[in-house]
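These protein sequence lines map, in sequence, to chains G and B.
Heads up: the first sequence is residues 98 to 285, going by my numbering.
Heads up: the second sequence is residues 6 to 145, going by my numbering.
A few of these clues could be false.
[Stated by the list, open to error] 25 Å max Cα-Cα, derived SDA-like pairs, lysine to any residue:
#	chain 1	residue 1	chain 2	residue 2
1	B	K74	G	N177
2	B	K121	B	E21
3	B	K121	B	R49
4	B	K35	G	I169
5	G	K173	B	K122
6	B	K61	B	D50
7	G	K275	G	Q237
8	B	K132	G	L279
9	B	K132	B	P76
10	G	K264	B	Q42
11	G	K173	B	D78
12	B	K121	G	L178
13	G	K252	B	G88
14	G	K188	B	G119
15	B	K122	G	D227
16	G	K192	B	N40
17	G	K252	G	Q237
18	B	K74	B	S56
19	B	K122	G	G228
These aren't lab readings, by the way, just hints derived from the structure by calculation.
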Amino acid sequence: MASNLARRRDTHIDEWRRDSKPLQPDQWQVSVPTGSTCTATYYGYSGEPRTHVYVASGFTRAPRFAALQSAIDDSKALTNLPADWDEAGAKPIAKATWESAVEALRAAARTSFRRFNYALPVPSIGPCADGSVDLYWNTQKFTLLINVQPNDSAKASDFYGEREGAKVQGVFDPAAPKFDFLTLLVQP
Amino acid sequence: LCNPDDTPAGPDWPKEDIPDGDLLYMRVHKSYFRNGQLQPAVFRDIEGGMSVNWQKYCPTAANARRLAKTPADNGIISFPTAGAVRAIATEPRLRVEHTPDFEKLDRSHAEVIGDKKAADVRVALLKLSVWEIAVDAPLA
Numbered sequence: 098m099a100s101n102l103a104r105r106r107d108t109h110i111d112e113w114r115r116d117s118k119p120l121q122p123d124q125w126q127v128s129v130p131t132g133s134t135c136t137a138t139y140y141g142y143s144g145e146p147r148t149h150v151y152v153a154s155g156f157t158r159a160p161r162f163a164a165l166q167s168a169i170d171d172s173k174a175l176t177n178l179p180a181d182w183d184e185a186g187a188k189p190i191a192k193a194t195w196e197s198a199v200e201a202l203r204a205a206a207r208t209s210f211r212r213f214n215y216a217l218p219v220p221s222i223g224p225c226a227d228g229s230v231d232l233y234w235n236t237q238k239f240t241l242l243i244n245v246q247p248n249d250s251a252k253a254s255d256f257y258g259e260r261e262g263a264k265v266q267g268v269f270d271p272a273a274p275k276f277d278f279l280t281l282l283v284q285p
Numbered sequence: 006l007c008n009p010d011d012t013p014a015g016p017d018w019p020k021e022d023i024p025d026g027d028l029l030y031m032r033v034h035k036s037y038f039r040n041g042q043l044q045p046a047v048f049r050d051i052e053g054g055m056s057v058n059w060q061k062y063c064p065t066a067a068n069a070r071r072l073a074k075t076p077a078d079n080g081i082i083s084f085p086t087a088g089a090v091r092a093i094a095t096e097p098r099l100r101v102e103h104t105p106d107f108e109k110l111d112r113s114h115a116e117v118i119g120d121k122k123a124a125d126v127r128v129a130l131l132k133l134s135v136w137e138i139a140v141d142a143p144l145a
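With these hints in hand, go ahead and build the complete structure from the sequences.
As C-alpha cells, this is what we get:
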C-alpha cells in the first residue's frame with residue numbers, strides 16, 4: 098500500500114477524477130493541505146469498483162480553472178440584461194442559453210487540459226443581439242469564437258478558429274460538444 | 006450632423022457608389038466592449054444591414070459619434086477601406102452600399118449587407134477594425 102501511495106502522490110487531481118466522476122465546478126479550485134488524503138472510486142475493466150487513496154503532495158490546483166470559474170460567475174449577469182440592452186433592439190439572454198454556453202466552456206477547458214495538457218485561457222463571455230452567447234478567445238497563440246445559440250433558434254451554433262494562418266470552422270452542438278478543432282489551436 | 010456640404014435634405018441625395026479605397030466609421034455601443042476588448046457580437050444587422058458612416062460625408066470619428074442615440078455610451082471604430090470589407094472571404098460577399106438616411110438627415114449613412122452571423126465573418130470584421138474613439142472617451 099505504501100508503494101501504491103508513493104506512486105500516486107503526484108497524480109493530478111483531474112486525472113483521477115476522469116476515472117471516477119465528472120469534475121464539478123465547485124471542485125475546480127480546492128486547497129488540499131499537504132499530507133491530507135482523499136479517495137476516488139472507479140470501475141475497472143472487470144466492472145469491480147476500485148478505491149484509491151491519494152495523499153496530497155502539496156500541489157495546487159490549476160490556477161487557470163479558478164480564473165475560468167470566476168469569469169463564469171461574473172457572466173451570469175448576462176441573464177439579467179434587459180431587452181434592448183444595446184439600445185438597438187437586442188434580445189435578452191435566456192438562462193438556458195447561458196447555461197449551455199457555460200457547459201460548453203467547461204467541457205472545452207476539460208478537453209484542452211486532459212488531451213493537450215493546456216490550460217485554456219479565460220475567454221470573453223459576451224451577449225449577442227440575437228439572444229445567443231459568444232465565447233471569444235483572442236490570444237497570442239490563437240483566435241477562437243464559439244457562438245452558442247438559444248435552443249429554439251433556427252440558426253445553428255458555430256465556431257471559427259485560426260492559428261498562424263490555419264483555420265477551422267463548423268457547426269457546434271452545445272448539447273454534445275466535440276472539440277477536435279482544439280487540436281489545431283492549442284496543441285504545442 | 007454629417008452633411009458637411011450643407012446640401013439639402015431629402016430626395017436630392019443620390020445613392021452613390023462607395024469606392025473600395027474609402028474609409029467607413031461605425032458606432033460601437035459600450036455593451037460590446039468587455040474585458041478590455043471589443044466583442045465580435047458588435048457586428049450584427051439592424052433592419053437588414055449593419056450601419057456605418059461613409060467618410061466622404063462624415064469627415065471625422067467625432068462626427069460619427071454624435072450620430073449615436075447616446076453618444077457618451079458609444080465609441081467609434083473604422084474600417085480603413087470599404088474594399089477590405091467587400092473582400093472578406095465569405096459567399097456571398099458582403100456588400101457596402103450607400104443608403105442616405107433622410108429621416109435623420111445623415112447623408113453619410115451606409116450599410117454593410119450580407120451574413121454577419123457566421124463566426125468567421127465576425128472575426129474577420131473584428132480584425133479589420135481600428136479604434137478611433139474609445140468607448141469611455143469624454144465627449145469632444
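Taking the hints in turn, this is what the structure says about them:
{"no.": "1", "hint": "B/K74 - G/N177", "in the structure": "holds (23 Å)"}
{"no.": "2", "hint": "B/K121 - B/E21", "in the structure": "holds (23 Å)"}
{"no.": "3", "hint": "B/K121 - B/R49", "in the structure": "holds (6 Å)"}
{"no.": "4", "hint": "B/K35 - G/I169", "in the structure": "holds (20 Å)"}
{"no.": "5", "hint": "G/K173 - B/K122", "in the structure": "holds (23 Å)"}
{"no.": "6", "hint": "B/K61 - B/D50", "in the structure": "holds (23 Å)"}
{"no.": "7", "hint": "G/K275 - G/Q237", "in the structure": "holds (23 Å)"}
{"no.": "8", "hint": "B/K132 - G/L279", "in the structure": "holds (21 Å)"}
{"no.": "9", "hint": "B/K132 - B/P76", "in the structure": "holds (24 Å)"}
{"no.": "10", "hint": "G/K264 - B/Q42", "in the structure": "holds (22 Å)"}
{"no.": "11", "hint": "G/K173 - B/D78", "in the structure": "holds (22 Å)"}
{"no.": "12", "hint": "B/K121 - G/L178", "in the structure": "holds (22 Å)"}
{"no.": "13", "hint": "G/K252 - B/G88", "in the structure": "violated (28 Å)"}
{"no.": "14", "hint": "G/K188 - B/G119", "in the structure": "holds (21 Å)"}
{"no.": "15", "hint": "B/K122 - G/D227", "in the structure": "holds (9 Å)"}
{"no.": "16", "hint": "G/K192 - B/N40", "in the structure": "holds (21 Å)"}
{"no.": "17", "hint": "G/K252 - G/Q237", "in the structure": "violated (30 Å)"}
{"no.": "18", "hint": "B/K74 - B/S56", "in the structure": "holds (13 Å)"}
{"no.": "19", "hint": "B/K122 - G/G228", "in the structure": "holds (12 Å)"}
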